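Residue numbers (the UniProt record's numbering), protein chains in the order written: chain R, 1 to 433; chain P, 1 to 433.
Rather than coming from a laboratory, the hints here were simulated on the basis of the structure. All values reported here derive from a predicted model rather than from experimental measurement. A couple of the hints might just be wrong.
Stated by the list, open to error - Pairs of lysine-lysine residues, derived as DSS-like cross-links and limited to a Cα-Cα distance of at most 30 Å, are as follows:
{"hint": "1", "chain 1": "P", "residue 1": "K342", "chain 2": "R", "residue 2": "K342"}
{"hint": "2", "chain 1": "R", "residue 1": "K430", "chain 2": "P", "residue 2": "K55"}
{"hint": "3", "chain 1": "P", "residue 1": "K430", "chain 2": "P", "residue 2": "K23"}
{"hint": "4", "chain 1": "P", "residue 1": "K279", "chain 2": "P", "residue 2": "K227"}
{"hint": "5", "chain 1": "P", "residue 1": "K430", "chain 2": "R", "residue 2": "K150"}
{"hint": "6", "chain 1": "R", "residue 1": "K150", "chain 2": "P", "residue 2": "K279"}
{"hint": "7", "chain 1": "R", "residue 1": "K227", "chain 2": "R", "residue 2": "K55"}
{"hint": "8", "chain 1": "R", "residue 1": "K227", "chain 2": "P", "residue 2": "K23"}
{"hint": "9", "chain 1": "P", "residue 1": "K55", "chain 2": "P", "residue 2": "K227"}
{"hint": "10", "chain 1": "R", "residue 1": "K23", "chain 2": "R", "residue 2": "K319"}
{"hint": "11", "chain 1": "P", "residue 1": "K287", "chain 2": "R", "residue 2": "K23"}
{"hint": "12", "chain 1": "P", "residue 1": "K430", "chain 2": "R", "residue 2": "K279"}
{"hint": "13", "chain 1": "P", "residue 1": "K279", "chain 2": "R", "residue 2": "K227"}
{"hint": "14", "chain 1": "P", "residue 1": "K23", "chain 2": "P", "residue 2": "K319"}
{"hint": "15", "chain 1": "P", "residue 1": "K342", "chain 2": "R", "residue 2": "K319"}
{"hint": "16", "chain 1": "P", "residue 1": "K430", "chain 2": "R", "residue 2": "K227"}
{"hint": "17", "chain 1": "P", "residue 1": "K319", "chain 2": "R", "residue 2": "K287"}
{"hint": "18", "chain 1": "P", "residue 1": "K279", "chain 2": "P", "residue 2": "K342"}
{"hint": "19", "chain 1": "R", "residue 1": "K287", "chain 2": "R", "residue 2": "K227"}
{"hint": "20", "chain 1": "P", "residue 1": "K319", "chain 2": "P", "residue 2": "K342"}
{"hint": "21", "chain 1": "P", "residue 1": "K287", "chain 2": "P", "residue 2": "K23"}
{"hint": "22", "chain 1": "P", "residue 1": "K430", "chain 2": "R", "residue 2": "K430"}
{"hint": "23", "chain 1": "P", "residue 1": "K227", "chain 2": "R", "residue 2": "K227"}
{"hint": "24", "chain 1": "R", "residue 1": "K279", "chain 2": "R", "residue 2": "K227"}
{"hint": "25", "chain 1": "R", "residue 1": "K430", "chain 2": "R", "residue 2": "K23"}
{"hint": "26", "chain 1": "P", "residue 1": "K227", "chain 2": "R", "residue 2": "K319"}
{"hint": "27", "chain 1": "R", "residue 1": "K287", "chain 2": "R", "residue 2": "K23"}
{"hint": "28", "chain 1": "P", "residue 1": "K150", "chain 2": "P", "residue 2": "K55"}
{"hint": "29", "chain 1": "R", "residue 1": "K319", "chain 2": "R", "residue 2": "K342"}
{"hint": "30", "chain 1": "R", "residue 1": "K227", "chain 2": "R", "residue 2": "K150"}
{"hint": "31", "chain 1": "R", "residue 1": "K23", "chain 2": "R", "residue 2": "K279"}
{"hint": "32", "chain 1": "P", "residue 1": "K150", "chain 2": "R", "residue 2": "K342"}
{"hint": "33", "chain 1": "P", "residue 1": "K319", "chain 2": "P", "residue 2": "K150"}
Stated by the list, open to error - Not the full set, but computed from the structure, chain R residues with beta-carbon under 10 Å of chain P:
{"hint": "34", "residue": "T8"}
{"hint": "35", "residue": "F12"}
{"hint": "36", "residue": "F16"}
{"hint": "37", "residue": "A107"}
{"hint": "38", "residue": "N367"}
Glycine included, C-beta positions come from ideal geometry on N, C-alpha and C.
There are 2 protein chains.
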Amino acid sequence: MPVFLDATAPEFEAAFNTLLNAKREDSPDVDSVVADIIADVRARGDQAVIDLTAKFDRITLTPQTLRITADEIAAAVAQVSPEDRDALELAAARIRAYHTRQLPDDAEWTDETGATLGWRWSAVSAAGLYVPGGLASYPSSVLMNAIPAKVAGVQRLAMVVPTPDGILNPLVLLAAHISGVDEVYRIGGAQAVAALAYGTDTIAPVDKITGPGNAFVAAAKRRVFGKVGIDMIAGPSEILIVADGDNDPDWIALDLLSQAEHDESAQSILITTDEAFGKAVADAVDKRLESLQRAHIAGPSWRDYGAIITVPDLDLAAKLTDRIAPEHLELCVADPHSLSAKITHAGAIFLGQWTPEAIGDYVGGPNHVLPTARSARFSSGLSVLDFMKRTTLAHMTPAALRAIGPAAERLARSESLEAHGLSVTARLRKLND
Amino acid sequence: MPVFLDATAPEFEAAFNTLLNAKREDSPDVDSVVADIIADVRARGDQAVIDLTAKFDRITLTPQTLRITADEIAAAVAQVSPEDRDALELAAARIRAYHTRQLPDDAEWTDETGATLGWRWSAVSAAGLYVPGGLASYPSSVLMNAIPAKVAGVQRLAMVVPTPDGILNPLVLLAAHISGVDEVYRIGGAQAVAALAYGTDTIAPVDKITGPGNAFVAAAKRRVFGKVGIDMIAGPSEILIVADGDNDPDWIALDLLSQAEHDESAQSILITTDEAFGKAVADAVDKRLESLQRAHIAGPSWRDYGAIITVPDLDLAAKLTDRIAPEHLELCVADPHSLSAKITHAGAIFLGQWTPEAIGDYVGGPNHVLPTARSARFSSGLSVLDFMKRTTLAHMTPAALRAIGPAAERLARSESLEAHGLSVTARLRKLND
């Protein structure tokens, strides 16, 4: 049973805080193992990657077979049904269209002193994409990571995907192909992250690594951060649904379950203005759990972390939402736009009852890599900007330096940074000669 | 003596790689000490902060005196000379004008299926700014961190600054006042970072922490990352100057020294097309070091990490620049704009001989918090975006769901995520009723 809370009850605040602070992730401490793996890859390069892949994925590789060839990709892709291919291409086109709008503008202007200022954006030269193997190997995640990189202008996009027992995933390879991935290597784990960050004889190093992974991959990303850029370290998935009584309980139940089925640590919360509706949703969840394929995952998630909160009005729903700062937020109310305007902290908002969160996972267009564990308070989902960086520009004229140089001299002196000041003074002296 | 390299010599590649990979930072391992301090602050709150401040800063505080009052700030600010105040206000106005242009646009559009998509930006609600005490307590850094936060719309900006032996820095407090900092606490070290991240009875927690600090502060920021957002962990400062022979060697020498004087681990590199000019710059550096106040810092930096590289042409200079990916880049050549266009990786570019890097540290307008240690390959200087986050928006109509829902159903099935698919199926069924 999920927890039922009444936001007007005296004990609510304590119970809500317990919900907010529930530690859902039990990450094993793999850091020392990962440190050894990274050191091994840095020392022995390809051979370390090959040895570790033999050990973990039970396949024997050589430097020549680390990379999945174009022919292998073509053969795997040919197995995909036309319907699946069409679905993936529709998703890719919509994701590309959305992310293309994120491309930032350069700027340059001349101010009143005659100084020209501005900035320009450029793409990361080479990026690496980690794709998990086995059950969590999602073609949609390939699209969501690779397309923003390519839209940003990343010239070399190298993907790593473990192939336990040598089995290739045709849809994952098709997604890579559609997205424009340049190189695919059949390796995974911390060794793949190390190879991307430091390079080997066969795999050139990249500048940025993104993509989800298990505890070993997350620990490896943390360790190589600084040497390369990384994306966020994602926690278990979450959904918050704010719904009035005018919804089909079964639809809302399915939306809650679509997060719960990801992971036993996932969290699904319903906030509703209608207590009877909340109970109907709880019943609908139980009914669906009787037959759901992944009930063994969704059931424990809903039982341990699910919650149904009743509120007297939507203003309070908005306030609670900001405290939760959910990864995914569905607003199934009569006027979702007004409610959306009252909410500040959420990774992605799905407006209205015709926008199930699953649309956003695949074909909506926005990215499905989103901030978890309340980090929507300070961070954003993956975007084109994650594969770009900004260089600031400044160009002084003699007149501009005369106008603002003396202030720089004075501040440098106040900070006891003499050479800073002198570098301005020497130039001003020339101007005053 | 700095290293002299000729980019056309056969041994250049090896020497250049040595230069690129020089480990300049010798960070002490303070992680376990910092972990204990954070645990103490989480457990004992204000009292832990007070005890640690007594130990490290030799001042006795109470919960009531943790915060520097408005009266204390006013009294300190009154000690600042009008000239220093004017300089700081000029700097603040120019930084504010530059960063205001960084405010990003929201977007919303309706696509061909009738789906409305978009995103909106919002500010982080509360941010914390770390300001070092003692010698490295720079008022300019307060402006560079606080103004972007306030331009972004951060409602609550809390600053921490240690005051060893109780001594307040009037210019730092004036910079905080001018920037609109809301709260100032006289605490520092890992305990201040922990207080900002987790909160105490007196200090409310923030969502994001920025600002420079020593090894303890850096380790604490790494540890609280995830609970809150942090900015980059900056390494020692760097400058790369590309200059032709048509420059005053003394100006270039001073620009090199203005990085070297920051830190014995700072790095200053000159790339020039004119070998004789390179030698003249080296002589000018030596001459300036005879009298520079901070020669005891700048001298070792220049000796251990300085370099002068001669190149046959500016195209090669651009290529080497991208490999260095410098934090600060000065282009002192006849046509700096053409050269700038050939370069991709740099934190900030200063164009032409009238733009010494020190202008950018204080009054240019762009931020002086910039990516070090080659991280300009994948990251940017501090900006308004560091204090904002983006929420994606999606609103399907029944027609839009009919158009793209089936592709989502199919992809969900291919990923064995049944509830995802069913959440779409249930709605499509209703539409087809």
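These are the hints, each one checked on the structure:
1. P:K342 / R:K342: violated, 46 Å
2. R:K430 / P:K55: Cα-Cα ~51 Å, so violated.
3. P:K430 / P:K23: Not satisfied, since the Cα-Cα distance of roughly 64 Å exceeds 30 Å.
4. P:K279 / P:K227: violated, 51 Å
5. P:K430 / R:K150: violated, 38 Å
6. R:K150 / P:K279: With Cα atoms ~44 Å apart, K150 of chain R and K279 of chain P exceed 30 Å; violated.
7. R:K227 / R:K55: Cα-Cα ~27 Å, so holds.
8. R:K227 / P:K23: holds, 12 Å
9. P:K55 / P:K227: Roughly 27 Å between the alpha carbons, so the hint for K55 of chain P and K227 of chain P holds.
10. R:K23 / R:K319: holds, 22 Å
11. P:K287 / R:K23: Measuring from Cα to Cα gives roughly 61 Å; hence the hint is violated.
12. P:K430 / R:K279: The given pair, whose Cα atoms are some 22 Å apart, holds under the 30 Å limit.
13. P:K279 / R:K227: violated, 33 Å
14. P:K23 / P:K319: holds, 22 Å
15. P:K342 / R:K319: violated, 50 Å
16. P:K430 / R:K227: Violated, at roughly 52 Å.
17. P:K319 / R:K287: violated, 64 Å
18. P:K279 / P:K342: Given that 30 Å is the threshold and the Cα spacing comes to 26 Å, the pair holds.
19. R:K287 / R:K227: violated, 50 Å
20. P:K319 / P:K342: holds, 8 Å
21. P:K287 / P:K23: Given pair K287 of chain P, K23 of chain P holds - Cα atoms ~28 Å apart, limit 30 Å.
22. P:K430 / R:K430: violated, 80 Å
23. P:K227 / R:K227: holds, 23 Å
24. R:K279 / R:K227: Violated - the C-alpha atoms of K227 of chain R and K279 of chain R are around 51 Å apart, more than 30 Å.
25. R:K430 / R:K23: violated, 64 Å
26. P:K227 / R:K319: holds, 20 Å
27. R:K287 / R:K23: holds, 28 Å
28. P:K150 / P:K55: violated, 33 Å
29. R:K319 / R:K342: At roughly 8 Å apart (the allowed maximum being 30 Å), K342 of chain R and K319 of chain R satisfy the hint.
30. R:K227 / R:K150: Holds, at roughly 22 Å.
31. R:K23 / R:K279: holds, 26 Å
32. P:K150 / R:K342: The hint holds at about 21 Å.
33. P:K319 / P:K150: Since the Cα atoms of K319 of chain P and K150 of chain P sit roughly 38 Å apart, the hinted pair is violated (cutoff 30 Å).
34. T8: violated, 25 Å
35. F12: Hint on F12 of chain R: violated, closest Cβ of chain P at ~21 Å, above 10 Å.
36. F16: With Cβ-Cβ at 16 Å, over 10 Å, it is violated.
37. A107: Constraint on A107 of chain R satisfied, holds at 6 Å.
38. N367: It holds, given that the least Cβ distance between N367 of chain R and chain P is near 7 Å, below 10 Å.
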